[in-house]
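Student: Chain by chain, the residues:
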Amino acid sequence: KATSSSGPGGNAGPGKASGLRVDVIVKATDSSFWQSMFAGAQKAGEDLGVEVGRFGPTSETDVNEQVQLVENSISRGVNAIVLAANSETALNKAIDRARDAGIKVITVDGTVTTKTEAFIGTNNLRAGEQAGQRLCKLIGEQGKTSGRVLLENAVAGVQALGDRARGFREGLAANCPQITVWEERFNNNDIATAANQTNDALGAVPDLVGVFAANNMSGNGVARAVKDTGRTANLPVVAFDSDPQENAALADGSIDALVVQNPYFFGYQGVTEAIAVSTGAKVPLSLDPGAVVADQANMNDPAVKDLLNPPTAQASK
Amino acid sequence: MALPKLIVRERDIGDRPSRIIGWSDAVGREGGGLVVLVILFGALALASDSFLTGGNMANLSRQWAVYGIIAIGELLVILTKGIDLSVGSVVGLTGAVAAQLLVLGFPIPLAVLCAVLVGGVVGVINGILVAYAKLPPFIVTLGMMGAARGVVLVITNANTIQPLPEGFSSIANESLLGIPNLLWITVIVIIAIGFLLRRTVFGRYVYAAGSNAESARLSGVPVPRVLVTVYAMSGLLAGLGGVLLASRLDAGVPTMGETYELDAIAACVIGGASLFGAKGSALGAATGALITSTLNNGGNLLGINSFYLRIAIGVLILLAVSFDQLQGRLFARGEQTQAGTSGNSPPGEP
Amino acid sequence: MALPKLIVRERDIGDRPSRIIGWSDAVGREGGGLVVLVILFGALALASDSFLTGGNMANLSRQWAVYGIIAIGELLVILTKGIDLSVGSVVGLTGAVAAQLLVLGFPIPLAVLCAVLVGGVVGVINGILVAYAKLPPFIVTLGMMGAARGVVLVITNANTIQPLPEGFSSIANESLLGIPNLLWITVIVIIAIGFLLRRTVFGRYVYAAGSNAESARLSGVPVPRVLVTVYAMSGLLAGLGGVLLASRLDAGVPTMGETYELDAIAACVIGGASLFGAKGSALGAATGALITSTLNNGGNLLGINSFYLRIAIGVLILLAVSFDQLQGRLFARGEQTQAGTSGNSPPGEP
Amino acid sequence: MTPVIRLSGLRKAFGGNVALDDVSLDLRRGEVHCLAGENGAGKSTLIRILTGALKRDAGDYFVDDREMAAALTPAATRAAGIGAVYQELSLLPDLSVAENLLMGRLPNRGGVVDRRGLRDQARARLSKVDLEGLDPGTPVAELPAATRQLVEIAKVLGDDPRVIIFDEPTTALSGDEAESLLRRIARLRDEGVAILYVSHRLEEMFEIGDRVTVLRDGVVTRTAAMSELSEDTLIAAMVGRDVEDLYPETPARTENGNALLRVRGLRPPGSPHAVDLDVRAGEIVGIAGLLGAGRSELLRAIFGADPPESGTVEVAGKPVPTGRPREAVRAGIGLLSEDRKELGLLPELTIRENASVASLRGIASRGLLSRRREAQRVDSVLDGMRLRAGSYDQPVSTLSGGNQQKVLIARWLVSRVRVLLFDEPTKGVDVGAKAELYALIGDLAAQGFAIVVVSSYLPELLGLVDRIVVLKSGRVVGEVPAAEATEEGLLTLASTGRLNGAA
Ligand SMILES: Nc1ncnc2c1ncn2[C@@H]1O[C@H](COP(=O)(O)OP(=O)(O)OP(=O)(O)O)[C@@H](O)[C@H]1O
Ligand SMILES: Nc1ncnc2c1ncn2[C@@H]1O[C@H](COP(=O)(O)OP(=O)(O)OP(=O)(O)O)[C@@H](O)[C@H]1O
Ligand SMILES: [Mg+2]
Ligand SMILES: [Mg+2]
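Residue numbers (the numbering used here), protein chains in the order written: chain A, 1 to 317; chain B, 1 to 350; chain C, 1 to 350; chain D, 1 to 503.
This is chain A alone, in the form it adopts within the complex (with noise of 0.2 Å):
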């Protein structure tokens, strides 16, 4: 009797008769990221007439719901899950125990440490090196060899964050030994916040050169305040992710670069892959579909285009 309200469009679909399920858990619903996660998903479950379920915590810090996620995943004894894991580590008794009970689980966006079927994403600690790299390029356009940077992220502990900002501060020392981060500050993904934390650290270092926002939330506050200062055309920000905001500042000139994932892509290999290893095919252990760095000049590429604008899921079906 369990219905599903996801799926594509809960009616049979063409292929329905295989009657695999998948699940498909994100790191948090409430992002657009993650929803055009589950767009892609959605589609691949509409192509290959494949249930798709989709779940996910409210917030990225919340472990232990992504636990009871699985858990009720197993529940629901569904073929296959598709995770996109809060911790590399903290998920694995839980994976053990899916696997255990004969569900294939495949990890997106972050690795764990124990053994899944399969892996696609970014690694993020080397999208970060590449915006630390394009930051120090973007100071280096603007004349300057020296000074401080801010490290605008969304919220501390969070796996993912952490590793991006690792990654940003190893490329920026590899290329930029005299250029230095002030302050790695955490807005807990409130765009409102991350505008006042970089105000405050524009009007608190007078040698501030640029800026990296580790998310999308970051990233628009950072714009914000780049707007609400003037300092659009001198200070150069590098931000992750994309939203239509973003896009929209990226176009105006408040944001010079984003290294864009394609969640869309994580979705539809996703679950592809899931219903392969469900029938016993073989996928590729690990596939990095690579990060681009996307600014005024190519964001009108086609290709860039659609990883700037990806689709994303419909919550009404």
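Hints should not be assumed to be uniformly reliable.
[Said to hold, decoys possible] Facing chain D, a subset of chain C residues (Cβ under 8 Å, in silico):
| # | residue |
| --- | --- |
| 1 | C114 |
| 2 | L117 |
| 3 | K134 |
| 4 | Q162 |
| 5 | R199 |
| 6 | T200 |
| 7 | R204 |
| 8 | A208 |
| 9 | N212 |
| 10 | S215 |
| 11 | A216 |
| 12 | R217 |
| 13 | S219 |
| 14 | P222 |
| 15 | A278 |
Hints listed in this document are in silico derivations from the structure and should not be mistaken for laboratory results.
Here the structure is a predicted model, which means the values were calculated and not measured.
In this text, a Cβ means the ideal position worked out from N, Cα and C, and glycines have one as well.
Given chain A, work out where chains B, C and D with the ligands should sit, using these hints.
Tutor: Frame of chain A; chains B, C and D with the ligands shown alone:
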């Protein structure tokens, strides 16, 4: 018996100056909040050159504004012994509604009005459930907090709504006479609600309902109507906060306002309100919000490591309230705390 | 006229059976929570085949456990008219401490003990500030919430602490006699605290202090010591919750426990506790936590979209409490709410 | 002449507890109609129904031959000209006196409070109870109980109602204030106001009552002209038996020289005067004084409710740490405080729990409570208090005012302390129970307890105690053996500080 008038109390009560405004208006902790604030400003001005600059003051006032407005709405509810956990979600909801309506082509004033009214409607529902269905405010507004956030996410599908028409973002981002619009609006709200609470019949009803709902009812105060109004106003002010935040961010962000309820309640309590009702003022709540905003702003200016900053702000909030309390005890007439009133006040009221 | 004894007591009149257990034990809303739970279980069993399976019941019990334990600690504080906002941060702190000590090579029992004690220490600090410095509990524990989270981040440098030694994860992940350890522990906590509250002098003091602190003091109840103990126990139980969560996740995750304070308070109120003190039971708090856990579990099993699930849970919490309230009104003596006691009880207490 | 208020067949039950059954009553213009009955007889319930504070279950209620709706609101009854002074004070502690006096009809212009009007109207109302000196801006929480009571009365008088209901208005007042209130009530009656008056002081009823209706267990047992009754017949109608002697025969108690309670140089907080007091085992000492003379403050200081400025307290020769009620209880001192609601009751707890809370250490073994032991220990004492309650497991807040007071007295009787400080112990207690309470206090003294009684009701002091200490402005101004004291003498001493030869 030819005794004189024995009604004369031995320690006659008459020599204090005549007061008509409620007790808590005159002394009490609301005033104290201001003292803490002054000290804080002084300390930060000494510690950081950039603190007292015009630019930073404008920043600070923008950072404070939305919190202050929401806190004042929350205060109204807290004065009646209630609590409103839904304000954060209402901020998100109304911001998204305003943005959505603008995208649909509504003129700005109409979109703003509709969005604020949506906040009011949420408040009215809260109020009816509290006042007539007699459900605990904590539960009513907790349920509403979840439901309203769910509605925002459904409406927006977790997507940011933008771009918005030109003029909208200027509401919250521009200045009038060199002072940010947000500051003007906040000050107007403080004055308006302060006036409402102190000088109007409705305001006194709010304190009466919070002091003792049954006694108020017996005195002819329309308690249920007061409650509904109070929740409605909290919703309206949160709605205003949501619209301003959307304007400030130039987008309707569905996660906007998360955890603001806690900030709002904290601002009220820091500003001298009691969760047991009937104590607190609009100015106090706004001061409480400004204290936390200033702590954050100052911490950032001083470049304190963000983990230590969290610890420091936790400790400083405690210190501010202790100082305030201490001051309150010194200024208020000595025995007060020891003596009679203790029935209502808890072991150190929350 | 020589009527002998005018003590009209029901026992003398005879038709109601003599009760020895307290009033609130028999009727009252704590019982009601259980009724709601039974209805919920029935409905979910009908709606989903997988709900009543052994595997899912084990899952549900594991999901409930930590919330239940924290809620019971929170209840102790709420019974005294207090509030403890720091439990979520204590969960994070103690989990991290346990993990860190294990990484440093401490034997498991010692690490667990130390971590739980750290929770107790945080509680004692809260308690002292509330009971002796007479600061509002809301502010004290709000400050502590920020400070403790800051300390976790400093300790862990915002990194997840792992890998942990083999045996540790089995505490929360294994079963005894086919029943998950976590369930055993939770049940033991419910029984122990239930016993403490009902059958010990200390338990009675908790209710007395919450009912009217000054009256209690004048009857010789050591109110400050009761308060400190209560906050300490809340800290200890949150510490236990943190250790269990760390064991369940097999890692010390610095963000662990965020927003759990709201869940804990909600569980207490859903389970019949009043934020105005002296009303509520350990079983009620645990039931409240189980109701929300079950709603989440059921919603997932039914595959409800998470946005709609939020709305649904918001509405269902309201319905559960309304139903409960209604039932309470039917069973309890009629006017109760209308009549005299209202001096203390608010307009629909939170 | 048609009665202003006519009730018939009125019924009200709380759960299974029938508080009023088939009650009929009529109240006429220009009469003082007394309502008499024991604690829990249903007087307050009747009044709450009359004012619309409580809904009636059945029965007819007419005001001027106009039927009042079953769902009556307080606002509607006030509009009909009915005002009530409730037994439980219904003021709003956080608001000012002026706001309290006019709450529900604050003078305003377009919703904005007219502050001058508020102050003037408040002053006018205060002057009706001789409180011209009280600043209308004072928060009510700051007022002593007696002043609050007067404010409450002023609030009702100010509306110029046609019907005024008083529920035990004099319990918190001193003799003289009570006297002045009674005079005002008589004047109101002469002006044609209908008055319903509840009191446990019989002589008050005889002084101003025209007619009386007696309730017993929620049923009217008698309605008669006051002149048809004597004190004895009235009591008989109330309690269903005769109460012979209100005050116990004071046997020449064995005074075994040494003081059980010994107070030296005790200065209550804020008081410049040190007080010495000795109470021997077996002795009952009364403390007299005007309102605000510092009687309650002295008791609170002895008990340690407020830490005294200086001084020592000893029980049986052992010093008691001052300023800590818990230590006082351990040392064997118990305080029955004056303000029952705020400083005594634990409203959410049951009757039994309220009675046992001061003795839990004795009832429990190793911190474990046996409910059976608790019941054994408490119930017999409670039984002796003639409580009207459905069960001792009921929350104490569901009891009538007088019965709540009895539970608090029981709290100290259960606790087996040896020094009892009673502040206005018979406040709101009915005659029958009063007599028993006096007997009980006499017995306790005979058993070797040391007892201190503060009472504003001089006949009670004179009848009950062995020795009266008179306080004025926190200072002991005299000490009189009860046998030699007279009311006039005490009053003179209390107000002038001098013995005017009268005693
Ligand atoms: N809210 C309530 N719930 C249950 N029982 C109640 C409630 N209020 C009053 N009662 C009961 O109704 C009865 C009548 O109470 P009431 O207060 O009218 O007595 P009373 O005559 O005023 O006594 P007293 O002289 O002590 O004031 C009592 O038995 C009391 O316990
Ligand atoms: N300076 C003052 N201003 C106003 N009120 C005061 C002042 N000093 C004392 N009081 C009040 O006057 C009262 C006098 O104290 P106390 O209660 O001991 O008098 P009392 O003789 O016991 O009278 P009663 O028995 O009626 O209480 C106290 O309740 C106190 O609150
Ligand atoms: Mg009564
Ligand atoms: Mg007194």
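Student: The structure should be examined with respect to each hint, and the outcome stated for every one.
Tutor: Results of checking the hints against the structure:
| no. | hint | verdict |
| --- | --- | --- |
| 1 | C114 | violated, 27 Å |
| 2 | L117 | violated, 22 Å |
| 3 | K134 | violated, 15 Å |
| 4 | Q162 | violated, 42 Å |
| 5 | R199 | holds, 5 Å |
| 6 | T200 | holds, 5 Å |
| 7 | R204 | holds, 6 Å |
| 8 | A208 | holds, 5 Å |
| 9 | N212 | holds, 5 Å |
| 10 | S215 | holds, 5 Å |
| 11 | A216 | holds, 7 Å |
| 12 | R217 | holds, 6 Å |
| 13 | S219 | holds, 4 Å |
| 14 | P222 | holds, 5 Å |
| 15 | A278 | holds, 4 Å |
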